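Visitor: Take the sequences, apply the hints, and build the full model.
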Amino acid sequence: MAENLLTVENITLRFGGVKALTDVSFDILKGEIRAIIGPNGAGKSSMLNCINGFYHPQEGRITYKGQTRKQMRPYEAASQGIARTFQNIALFRGMSVLDNVMTGRVLKMKSSLLEQAFYFGRARSEEISHRSKVEEVIDFLEINAIRKTPVGRLPYGLQKRVELARALAAEPELLLLDEPMAGMNVEEKEDMSRFILNVNAEFGTTIALIEHDMGVVMDLSDRVVVLNYGEKLADGTPDVVRSNQAVIDAYLGASH
Amino acid sequence: MSPPDLNRHDTFPKLLRHNASKRGNRPAIREKSLGIWQTYTWAEQAVEVRALACGFANLGLKRGDHISVIGDNRPRLYWSMAAAQALGAIPVPVYQDSVADELQFILEHASVKIVVAENQEQVDKVLSIKDRLPDLLTIVYCDPRGLREYTEAFLHHYDGVLAEGRDYDKVHDKFFDEQVEAGGGSDHAIMCYTSGTTGQPKGVVLTYDNCVKIGAMAIEFDGLTERDDVLAYLPMAWVGDNLLSYGQSHIAGFCMACPESSETLLMDLRELGPTYFFAPPRIFETMLTSVMIRMEDAGSFKKWLFHTFMEHAKKVGAKLLDGEPVGFGDRIKYRIGEACIYGPLKNMLGLTRMRVGYTAGEAIGPEIFVFFRALGMNLKQAYGQTEASVFVTLQPDGEVHSDSVGKAAPSVELKIEDNGEVMYRSPGVFLEYYKNPEATASTKTADGWVHTGDAGFIDDAGHLHIIDRAKDVGKLVNGDLFAPKYLENKLKFFPNVREAVALGDGRDFAAIMINIDADAMGNWAERQNIAYASYQELSALPEVYELMAAHLAEMNALLAAEPQMAASQIRRFLVLPKMLEADDGEMTRTQKVRRSAVSTKYRPLIEGLYDGSSSVYLEIEVTFEDGRRDVVKGDVPIWDVTAVSPAIAQAAE
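First to last, the sequence lines map onto chains A and B. Here the first sequence is numbered in the working numbering, starting from 158 and rising by one per residue. Here the second sequence is numbered in the working numbering, starting from 583 and rising by one per residue.
Some clues are possibly wrong.
Quick list of in silico lysine to aspartate or glutamate cross-link-like pairs, DMTMM-like style, CA-CA up to 25 Å [what the hints assert, rightly or not]:
id	chain 1	residue 1	chain 2	residue 2
1	B	K614	A	D296
2	B	K915	B	E944
3	A	K187	B	E731
4	A	K290	B	E853
5	A	K290	B	E845
6	A	K305	B	D879
7	A	K346	B	D725
8	B	K1215	B	D1165
9	A	K346	B	E949
10	B	K1017	B	D1000
11	A	K305	B	D1029
12	B	K614	A	D396
13	B	K614	A	D379
14	B	K614	A	E293
15	A	K346	B	D791
16	A	K346	B	D654
17	A	K305	B	E878
18	A	K290	B	E613
19	B	K1017	B	D791
20	A	K346	B	D706
21	B	K614	A	E330
22	B	K614	A	E299
23	A	K305	B	E845
Have a look at the derived ranges for each label pair, beta carbon to beta carbon [what the hints assert, rightly or not]:
id	chain 1	residue 1	chain 2	residue 2	range
24	A	E299	B	A682	18 to 28 Å
25	A	E299	B	A1179	31 to 41 Å
26	B	K712	A	T394	27 to 37 Å
27	B	K644	A	S236	53 to 63 Å
28	B	D759	A	E160	32 to 42 Å
29	A	H369	B	E949	29 to 39 Å
Think of the hints as simulated: they come from the structure by calculation, not from any bench. Note that this is a predicted model, so its numbers are computed, not measured. The beta-carbon is built from N, C-alpha and C at its ideal position, and this holds for glycine as well.
Guide: Quick look at the structure:
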């Protein structure tokens, strides 16, 4: 039995009077691909935001690598090995692909601001080792051809891939993917699925992903948690979830 | 350094040994890996190939066996070929994009024992047909990514084969050298399958004598040395890559470089700056188009500078290249142009260092050819075939024309049969088609002449002109020659013509059906303020017909000046309402028109061309990429064009 990487217990998140999440609990095992699905507004992105410390839930506990935390800032989550991509691409549009992916290494850089600004001392040797790691990621995601291209000039599907590259450059233990395949065509989805599976297999990275394409979710994930109106509806393997009546109702719009 | 003694070093493994001892520290092969060019010297390459050959022997590869390599141009795949050759086994490179069925035919036909696959994609393809290949013992893969979970016992990682090879070499330390020594010039060196537009592909067996003699001939012809650089980017399964990159680098000792991926090709080209460059016309066309598009966006001063100096370059550039007399003022102006336009442009394209460039495979548009030569690049045309170990004709320096493919290469004899078919005899003539004696007998005569299947003629200066595939060449009713492809190519040089189908065999006159280029014509229509809603509507516009008629008139004037072609001037034409598509069976997957399919499908149009009507109603089914079908219907106008009488054309000259 694989060990727990992350446990979410009884999370409730409120924005004023609106409850985004109500008493949600689930766990993510080390090395698995965990999908979070649900209709629009179900609280999926809010859940990811809680995990990487962007939102602070009013109630409940999040335990990551055996440590329970109440409040955490996103950079703390990042330095502990949680990386993510965003539903709406959040890259530096004017910078090249290479530079964007390099930003994924920022937390690993130890040289001082001064050294980096004037490029001497540790900054120089560090740059080389970080660059070689970044090149590995670039090769892994097959974006060699666009290495020097400004991100803003790339088509959407490739920007998504660059975002994944930046997250991977941080060498995360837990990778959070917020709709990695939204707006992609079939071929791009196939490519992205292959990359996600390869990341999981080659680096042993644990992956939590939000996705709307049910075919993709069922193919990729080991276990699925279903949210609806901020509440957990079902949790289990793709087969279990698929045959769950409550899930079918939520997706097909049964009367409430 | 003087060339190696090819009587002693008569095989590639022996040449590799020679290079490792004579120029061990010179670069042999480069590969861009993780963004950095990695270089392997001849000495390193020899060590690697030795270990790999022993590894293959350990896996049971024997003299005379076939081994296949599948993938992009990668040093490890080239080394696999070299290692197989060292053992006396014969490499059979396969096109990396061939589908499983095509692959199965070749692997089965050649009884391939070992497949060396670049990556997971290729391994999956071979695995899907493995059950149907009883002779296949082993699959070796180079890139382990995604293959970790594969447990098949016959799957081996390249590094593992190499490690076991080193152990094998320690135990049998004389084995490798004995194997290399046992090879000779008459052994089979390589087998390349021809694409086979008709029927199944045929395996062309080339011996070391074929490859080495023709390779050495071309090296001498263009004065290549160990200091040259080539970019090995054309498919490994194509005989040209084998001979030009792999073969000639072994003979001359120069370095070949493998691009990072097919998408990074133009960038890698810029970084590397090869001195010897081989490309199909399509690559040069892409370069020219990208330059022109970027110039459109440039400021007006830069545009003026570019056009002024390009005009000048077209006037004197080619003359300077050919060593013809050019006035002092023109020379100075060309130098200035070199400093501000030509030099930077060549640098941007990665062609600054190019000494010799060849284009072959298809006809190249004269304006493309002229553009590159005007910049001072020695771009030439060649004509060849797999069966000839590539070269049949080459354009000697100073005798370069856009409409001919050059003179018979040294050591090649050339003749034209009575039916117009080009035939040749050379040291490069292939041994046989593998397991296909009938095809061998019908292609190669007893005294060594080979039928090319191409129709052509030799002009007074001894230059060969290729007209068309011999089987497509027909005759007009009055007996005059009719070569459809020759006409189509002439018309396709106009950028707004995408495709054309010429008709005329057994008819009174030649006519043509045109596919306009949607992008180029769309752009043109926009600039002319012409509104249109669909390709079909655009293609039927009178403005478009007028433009095409002007192109055809220009083309007729050119044809009138050629005695053999004057009769096949185009008299009538139409613009097709839909693009010819492979999905509709009108083209092959390699984008060649299927004449028979087109003539059946568009029969009403063809009848209209010859019965004098001014418009024909057509209904035709189209298939979209996702499999949906629809019907295109409407009237297709047919226009007349006036022919130019040959006498007038001559008077005008």
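Visitor: Hint by hint, say whether it matches the structure.
Guide: Hint-by-hint comparison with the structure:
1. The straight-line distance between the Cα atoms of K614 (chain B) and D296 (chain A) is roughly 11 Å, inside the 25 Å bound, and the hint therefore holds.
2. With a CA separation close to 34 Å, the supplied pair K915 (chain B) and E944 (chain B) exceeds the 25 Å bound.
3. Simply put, K187 (chain A) and E731 (chain B) have alpha-carbon atoms about 19 Å apart, close enough for the 25 Å limit, and the pair holds.
4. Restraint check for K290 (chain A) and E853 (chain B): the C-alpha separation of about 22 Å stays at or below 25 Å, so the hint holds.
5. Straight-line distance between C-alpha atoms of K290 (chain A) and E845 (chain B) comes to about 22 Å, which keeps the hinted pair within the 25 Å bound.
6. For the hint linking K305 (chain A) to D879 (chain B), the alpha-carbon distance of about 21 Å falls within 25 Å, and the restraint holds.
7. Using a Cα cut-off of 25 Å, the hinted pair K346 (chain A) and D725 (chain B) holds, with the two alpha carbons roughly 23 Å apart.
8. Straight-line distance between C-alpha atoms of K1215 (chain B) and D1165 (chain B) comes to about 18 Å, which keeps the hinted pair within the 25 Å bound.
9. For the given pair, K346 (chain A) sits about 42 Å from E949 (chain B) by alpha-carbon distance, which is inconsistent with the 25 Å threshold.
10. Of the pairs offered as hints, the one joining K1017 (chain B) and D1000 (chain B) is violated, with about 30 Å between alpha carbons and a cut-off of 25 Å exceeded.
11. Distance check on the hinted pair: K305 (chain A) and D1029 (chain B) sit about 57 Å apart at the alpha-carbon level, beyond 25 Å; violated.
12. As the CA atoms of K614 (chain B) and D396 (chain A) are separated by approximately 45 Å, the hinted pair breaks the 25 Å bound.
13. With a CA separation close to 37 Å, the supplied pair K614 (chain B) and D379 (chain A) exceeds the 25 Å bound.
14. At roughly 13 Å between alpha-carbon atoms, K614 (chain B) and E293 (chain A) fall within 25 Å of each other, so this suggested pair holds.
15. The straight-line distance between the Cα atoms of K346 (chain A) and D791 (chain B) is roughly 50 Å, outside the 25 Å bound, and the hint therefore fails.
16. For the hint linking K346 (chain A) to D654 (chain B), the alpha-carbon distance of about 24 Å falls within 25 Å, and the restraint holds.
17. For the proposed pair K305 (chain A) and E878 (chain B), the alpha carbon gap of about 23 Å is at most 25 Å, so the pair holds.
18. Taking the CA atoms of K290 (chain A) and E613 (chain B), the gap is about 19 Å. The hint holds against a cut of 25 Å.
19. In summary, the hint linking K1017 (chain B) to D791 (chain B) is supported, as the alpha carbons are separated by about 21 Å, within the 25 Å threshold.
20. Of the supplied pair hints, the one linking K346 (chain A) and D706 (chain B) holds, its CA atoms being roughly 19 Å apart against a limit of 25 Å.
21. A threshold of 25 Å between alpha carbons decides the hint, and for K614 (chain B) with E330 (chain A) the separation of about 30 Å lies outside it, so the pair is violated.
22. The suggested pairing of K614 (chain B) with E299 (chain A) holds, with an alpha-carbon distance near 13 Å, which does not exceed 25 Å.
23. Simply put, K305 (chain A) and E845 (chain B) have alpha-carbon atoms about 13 Å apart, close enough for the 25 Å limit, and the pair holds.
24. Taken as a hint, the range 18 to 28 Å holds for the pair E299 (chain A) and A682 (chain B), whose Cβ atoms sit roughly 22 Å apart.
25. Checked against the hint of 31 to 41 Å, the pair E299 (chain A) and A1179 (chain B) passes, with Cβ atoms roughly 37 Å apart.
26. Between K712 (chain B) and T394 (chain A) the beta carbons are some 31 Å apart, a value that agrees with the proposed interval 27 to 37 Å.
27. Here the CB-CB span from K644 (chain B) to S236 (chain A) is close to 58 Å, well matched to the stated 53 to 63 Å.
28. At roughly 55 Å, the beta-carbon separation of D759 (chain B) and E160 (chain A) lies outside the given 32 to 42 Å, and the hint is violated.
29. With their beta carbons about 50 Å apart, H369 (chain A) and E949 (chain B) fall outside the hinted range of 29 to 39 Å.
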